[in-house]
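Novice: Put together the whole structure using the sequences plus the hints.
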Amino acid sequence: MLHIGMKIEEELRRQERTVAWFARKLYCNRQNVYDIFKRESIDTSLLRRISAILGHDFFKDLSADLVSSEATNKM
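Residue numbers (this note's numbering): 2 to 76.
No wet-lab data here; the hints were simulated from the structure.
A few of these clues could be false.
[To be verified] Ranges of calculated distance between the beta carbons of each label pair, as one might list FRET restraints:
| hint | residue 1 | residue 2 | range |
| --- | --- | --- | --- |
| 1 | R14 | R50 | 28 to 34 Å |
| 2 | S70 | Y28 | 31 to 37 Å |
| 3 | R49 | S69 | 20 to 26 Å |
| 4 | D36 | N74 | 28 to 34 Å |
| 5 | K75 | N33 | 37 to 43 Å |
[Stated by the list, open to error] Straight-line alpha carbon distances no greater than 27 Å define the calculated DSS-like cross-link-like pairs of lysine-lysine that follow:
| hint | residue 1 | residue 2 |
| --- | --- | --- |
| 6 | K39 | K61 |
| 7 | K26 | K8 |
| 8 | K39 | K8 |
Quantities reported herein were computed from a predicted structural model and do not represent experimental measurements.
In this text, a Cβ means the ideal position worked out from N, Cα and C, and glycines have one as well.
Specialist: Pasting the structure below:
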């Protein structure tokens with residue numbers, strides 16, 4: 002299963018954005034951002050906001066992971 006928090010952190014790093022920048026965009030503090038990075042799952046409304054801020058469709062990543070898991074289970 003895809004660890005969504007790690008995926009968000011990877012994308013933030015890939016874009017060379019700082020945690021402080023991300024926290025400002027989310028209207029939260031840096032500790033909340035680090036807490037998001039630790040989450041294996043996340044509320045869909047928050048994930049939608051994060052996707053918009055980072056310009057990355059995390060729902061597509063989750064869907065691809067689901068398809069991959071289903072294919073593995075059929076073997």
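Novice: Decide, hint by hint, whether the structure agrees.
Specialist: Verification of the hints:
At about 19 Å, the beta-carbon gap between R14 and R50 misses the expected band of 28 to 34 Å. Taken as a hint, the range 31 to 37 Å holds for the pair S70 and Y28, whose Cβ atoms sit roughly 34 Å apart. A C-beta distance of roughly 22 Å is found between R49 and S69, which places it inside the suggested range of 20 to 26 Å. Separation of D36 from N74 is about 31 Å and conforms to the stated range, judged on CB atoms against 28 to 34 Å.
Taken as a hint, the range 37 to 43 Å holds for the pair K75 and N33, whose Cβ atoms sit roughly 39 Å apart. For the hint pairing K39 with K61, the CA-to-CA distance comes to about 20 Å; that is within 27 Å, so the pair holds. For the given pair, K26 sits about 18 Å from K8 by alpha-carbon distance, which is consistent with the 27 Å threshold. About 10 Å separates the Cα atoms of K39 and K8, which keeps this hinted pair within 27 Å; it holds.
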